[in-house]
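Listed here are the chains, written in short residue letters.
Number of protein chains: 10
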Amino acid sequence: MLFHVKMTVNLPHDLPADQTAEILQREKAYSQSLQSQGKWRHIWRIAGHYANISIFDVADNDELHALLSGLPLFKFMDIEVMPLLRHPSAVRDDDR
Amino acid sequence: MLFHVKMTVNLPHDLPADQTAEILQREKAYSQSLQSQGKWRHIWRIAGHYANISIFDVADNDELHALLSGLPLFKFMDIEVMPLLRHPSAVRDDDR
Amino acid sequence: MLFHVKMTVNLPHDLPADQTAEILQREKAYSQSLQSQGKWRHIWRIAGHYANISIFDVADNDELHALLSGLPLFKFMDIEVMPLLRHPSAVRDDDR
Amino acid sequence: MLFHVKMTVNLPHDLPADQTAEILQREKAYSQSLQSQGKWRHIWRIAGHYANISIFDVADNDELHALLSGLPLFKFMDIEVMPLLRHPSAVRDDDR
Amino acid sequence: MLFHVKMTVNLPHDLPADQTAEILQREKAYSQSLQSQGKWRHIWRIAGHYANISIFDVADNDELHALLSGLPLFKFMDIEVMPLLRHPSAVRDDDR
Amino acid sequence: MLFHVKMTVNLPHDLPADQTAEILQREKAYSQSLQSQGKWRHIWRIAGHYANISIFDVADNDELHALLSGLPLFKFMDIEVMPLLRHPSAVRDDDR
Amino acid sequence: MLFHVKMTVNLPHDLPADQTAEILQREKAYSQSLQSQGKWRHIWRIAGHYANISIFDVADNDELHALLSGLPLFKFMDIEVMPLLRHPSAVRDDDR
Amino acid sequence: MLFHVKMTVNLPHDLPADQTAEILQREKAYSQSLQSQGKWRHIWRIAGHYANISIFDVADNDELHALLSGLPLFKFMDIEVMPLLRHPSAVRDDDR
Amino acid sequence: MLFHVKMTVNLPHDLPADQTAEILQREKAYSQSLQSQGKWRHIWRIAGHYANISIFDVADNDELHALLSGLPLFKFMDIEVMPLLRHPSAVRDDDR
Amino acid sequence: MLFHVKMTVNLPHDLPADQTAEILQREKAYSQSLQSQGKWRHIWRIAGHYANISIFDVADNDELHALLSGLPLFKFMDIEVMPLLRHPSAVRDDDR
Numbered sequence: 001m002l003f004h005v006k007m008t009v010n011l012p013h014d015l016p017a018d019q020t021a022e023i024l025q026r027e028k029a030y031s032q033s034l035q036s037q038g039k040w041r042h043i044w045r046i047a048g049h050y051a052n053i054s055i056f057d058v059a060d061n062d063e064l065h066a067l068l069s070g071l072p073l074f075k076f077m078d079i080e081v082m083p084l085l086r087h088p089s090a091v092r093d094d095d096r
Numbered sequence: 101m102l103f104h105v106k107m108t109v110n111l112p113h114d115l116p117a118d119q120t121a122e123i124l125q126r127e128k129a130y131s132q133s134l135q136s137q138g139k140w141r142h143i144w145r146i147a148g149h150y151a152n153i154s155i156f157d158v159a160d161n162d163e164l165h166a167l168l169s170g171l172p173l174f175k176f177m178d179i180e181v182m183p184l185l186r187h188p189s190a191v192r193d194d195d196r
Numbered sequence: 201m202l203f204h205v206k207m208t209v210n211l212p213h214d215l216p217a218d219q220t221a222e223i224l225q226r227e228k229a230y231s232q233s234l235q236s237q238g239k240w241r242h243i244w245r246i247a248g249h250y251a252n253i254s255i256f257d258v259a260d261n262d263e264l265h266a267l268l269s270g271l272p273l274f275k276f277m278d279i280e281v282m283p284l285l286r287h288p289s290a291v292r293d294d295d296r
Numbered sequence: 301m302l303f304h305v306k307m308t309v310n311l312p313h314d315l316p317a318d319q320t321a322e323i324l325q326r327e328k329a330y331s332q333s334l335q336s337q338g339k340w341r342h343i344w345r346i347a348g349h350y351a352n353i354s355i356f357d358v359a360d361n362d363e364l365h366a367l368l369s370g371l372p373l374f375k376f377m378d379i380e381v382m383p384l385l386r387h388p389s390a391v392r393d394d395d396r
Numbered sequence: 401m402l403f404h405v406k407m408t409v410n411l412p413h414d415l416p417a418d419q420t421a422e423i424l425q426r427e428k429a430y431s432q433s434l435q436s437q438g439k440w441r442h443i444w445r446i447a448g449h450y451a452n453i454s455i456f457d458v459a460d461n462d463e464l465h466a467l468l469s470g471l472p473l474f475k476f477m478d479i480e481v482m483p484l485l486r487h488p489s490a491v492r493d494d495d496r
Numbered sequence: 501m502l503f504h505v506k507m508t509v510n511l512p513h514d515l516p517a518d519q520t521a522e523i524l525q526r527e528k529a530y531s532q533s534l535q536s537q538g539k540w541r542h543i544w545r546i547a548g549h550y551a552n553i554s555i556f557d558v559a560d561n562d563e564l565h566a567l568l569s570g571l572p573l574f575k576f577m578d579i580e581v582m583p584l585l586r587h588p589s590a591v592r593d594d595d596r
Numbered sequence: 601m602l603f604h605v606k607m608t609v610n611l612p613h614d615l616p617a618d619q620t621a622e623i624l625q626r627e628k629a630y631s632q633s634l635q636s637q638g639k640w641r642h643i644w645r646i647a648g649h650y651a652n653i654s655i656f657d658v659a660d661n662d663e664l665h666a667l668l669s670g671l672p673l674f675k676f677m678d679i680e681v682m683p684l685l686r687h688p689s690a691v692r693d694d695d696r
Numbered sequence: 701m702l703f704h705v706k707m708t709v710n711l712p713h714d715l716p717a718d719q720t721a722e723i724l725q726r727e728k729a730y731s732q733s734l735q736s737q738g739k740w741r742h743i744w745r746i747a748g749h750y751a752n753i754s755i756f757d758v759a760d761n762d763e764l765h766a767l768l769s770g771l772p773l774f775k776f777m778d779i780e781v782m783p784l785l786r787h788p789s790a791v792r793d794d795d796r
Numbered sequence: 801m802l803f804h805v806k807m808t809v810n811l812p813h814d815l816p817a818d819q820t821a822e823i824l825q826r827e828k829a830y831s832q833s834l835q836s837q838g839k840w841r842h843i844w845r846i847a848g849h850y851a852n853i854s855i856f857d858v859a860d861n862d863e864l865h866a867l868l869s870g871l872p873l874f875k876f877m878d879i880e881v882m883p884l885l886r887h888p889s890a891v892r893d894d895d896r
Numbered sequence: 901m902l903f904h905v906k907m908t909v910n911l912p913h914d915l916p917a918d919q920t921a922e923i924l925q926r927e928k929a930y931s932q933s934l935q936s937q938g939k940w941r942h943i944w945r946i947a948g949h950y951a952n953i954s955i956f957d958v959a960d961n962d963e964l965h966a967l968l969s970g971l972p973l974f975k976f977m978d979i980e981v982m983p984l985l986r987h988p989s990a991v992r993d994d995d996r
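Residue numbers (the working numbering), protein chains in the order written: chain A, 1 to 96; chain B, 101 to 196; chain C, 201 to 296; chain D, 301 to 396; chain E, 401 to 496; chain F, 501 to 596; chain G, 601 to 696; chain H, 701 to 796; chain I, 801 to 896; chain J, 901 to 996.
Among the hints, erroneous ones may be present.
To be verified - Cut-off 30 Å, straight-line C-alpha distance, at most; resulting in silico cross-link-like pairs (BS3-like, lysine-lysine):
1. G:628 / E:475
2. C:239 / B:106
3. C:228 / B:175
4. I:875 / J:928
5. A:39 / A:6
6. J:939 / J:928
7. E:439 / F:575
8. G:628 / G:639
9. F:506 / E:439
10. C:239 / C:275
11. G:628 / F:539
12. B:106 / I:806
13. F:539 / F:575
14. I:839 / G:675
15. C:239 / C:228
16. H:728 / H:775
Just so you know, the hints here were simulated from the structure itself, not pulled from any lab data.
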């Protein structure tokens, strides 16, 4: 089941550099692990923004929330969620 | 080059049914042709809305505008565009 | 799986009375049928508004969209959707 | 008498961890006590957000305000309130 | 129990004059009847707007909705509702 | 001459408790004095919010501003002002 | 007593030309009469908009509303009102 | 050439009192000097707000920006600018 | 003197095709004439929108308004205006 | 390929003066270097704001993001991006 997620990062400008670096490193590992499992199906950077558009493929709302609230950057993010489904005009098999 | 496009359809409630059907048929053919060409890479329905989230893969802004303004439903749509790029944490090859 | 849905009805003021009555009658039957099946778990009127707050319990996003887009009033409604899940502080068994 | 309440939590990112833990523990106990009394009839988490949708069943506006302003997290929350009533199409007895 | 209600009137500019006059006459009678009963406790015009601020004193949310949805201008109004209660600093007895 | 004023209080969460208490005590005395003089004609709490709806009865805009800017909480408040007048349908003598 | 008023004109695009011309002629005469009386102290066009910024000098809120609701274009306007007063740094005598 | 400027002051609540006083004293002198030169033609306080509405009369956009960015409070202000011109219905000579 | 103008076209969907074509032909001629005169210095299409971003170079606010209100599409456009000036970091001579 | 970028600077009011000066110096050098390369084709100050309107001419979305995220002020800016293309009515050769 697919969800469209927009994440916008708002790091406090005075967060210590090493703390920032440590969070970002954990965030990247977390994201790549979920991508490898097929749960985080797409991720794109939005040009000019510290933000991304992502597509999640999860079993249900519970799993979606567990994955998002587990993000190392969760408390520094503004997150918007929209449930998606296959479009009746879609031709690609994996756009379910 | 990727663009994120959100299309929301606002058909006037008193548009004649046959005119509506004819436009929607052309819209579907137009969309599927572009999907087959690889220019309209993804399309998903947003649950509960007469709207979709799409990812376009085009040569440049000119081509994006030509494709969008050519939509049979163009004059009945509210369209939002965001330029995308590969995310530094992306692992899938085709999330470019 | 639960979804929070807010529906606001915007009937054109010049819709013929009999057409309005016929749509509303179908809408009520449709809603009550889904409530009886347990898919439309809650529905409340918002005081002072021609609007309701509803909780749907569906298998997935596809079913949610099928139910909402099948509403007789669908083309006259402004709909907002939010995926829900059990709250960690919930004590009632059926607030899943 | 029912009220729809949306609570969004905005904890300052630099609130000491033990102070946060203590507030959250009191918040949970407070919520569960009101749920057990039947005054806080429903509570759901909104997927991807540190927020909940709740339904309160209270005697009047005074009681609603007393319950909400007594929340341990009250000063860290953005709260939206809508008065609800039984919908004319409702079939469940307790959706009053 | 008190509610704060803001009503903004949006009459279609091409509504026939006699129909408009008839609705406004019924609206005035309806309002004055409720004022005399003490249910519509205050009504003020907002300077420069075809709008009013009103305070209703009703038994519960159901009665509030019944009164508002019974307004002859209901379908031509944008209505905002806020539940009120006695302020801890109030000194007037009837600001309950 | 009447004015509708909505005041929303935004106290910094880290304001020292004794400083907060002292300001609130002065605010209450200030409000009650103006109520006794008939200049602050109504004040109600908005359910679920640290906010109030007030009606002021003043000689002119100058007096309104002098009263509002003299509020001990003025620098911590978001204030919205609307000029009111007697509604043509009003029946109560003091809803002038 | 001064009020800041922003008026934005929204004439329906299919209003007959002679009806439009007649309204605009009455509007101009109405405005110029009030300007001559000193009640409509300033009026400026906003560049690029069918809108104006005006300063009214009236006895009270009642007079302001009477003047604004008497505008021939009133039903085709979006009006915003703000009460003004002399600024403590003002040096011109008539900026009261 | 006239410009409409709305300035809203947002002083940090913890700015030291003497620093605030010094800035406000400079701001007042700066404003009164420009008023005396005829460049700052009008200034009014908005009732209930720490904000003003001003009319500037400058040679061009460059001068407008130089005057505004030179305000001692510039970094603590939210500023909105609209270019104005003489209204075709204006009767006063100096409403150019 | 430069102004940034965003124009968004909202043609009624039921405007007769020949009337639309005639307006668009006049609009194009009008725009190209002003471009040739150097008053309409830049014009770009916004991808995916029936809208443009333009830079005008005019003597003053009066001329800007005369040019914009003379647009054949003026009554069908939503227009936003911002005064510009040379940026202190600009290196191109004609970015004045 | 052209992009319209609006940058609004929000420097924390308590950023040390020397740190601010150093960032601004780097920002100016960075901007002027890109202008000289033809990638940052236009930059204008918005009158009354600490903000600019810029036109970028880049190979693709990736380059746009690399240039913007490399801005020394990036973390202190609110940035809005719109893809542009040649307008069908444009007459200047370089408004591509």
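Tested hints:
no.	hint	in the structure
1	G:628 / E:475	violated, 33 Å
2	C:239 / B:106	holds, 29 Å
3	C:228 / B:175	violated, 33 Å
4	I:875 / J:928	violated, 41 Å
5	A:39 / A:6	holds, 16 Å
6	J:939 / J:928	holds, 15 Å
7	E:439 / F:575	violated, 36 Å
8	G:628 / G:639	holds, 15 Å
9	F:506 / E:439	holds, 23 Å
10	C:239 / C:275	holds, 21 Å
11	G:628 / F:539	violated, 39 Å
12	B:106 / I:806	holds, 21 Å
13	F:539 / F:575	holds, 21 Å
14	I:839 / G:675	violated, 36 Å
15	C:239 / C:228	holds, 15 Å
16	H:728 / H:775	holds, 16 Å
In summary, the numbered hints that this structure violates are 1, 3, 4, 7, 11 and 14.
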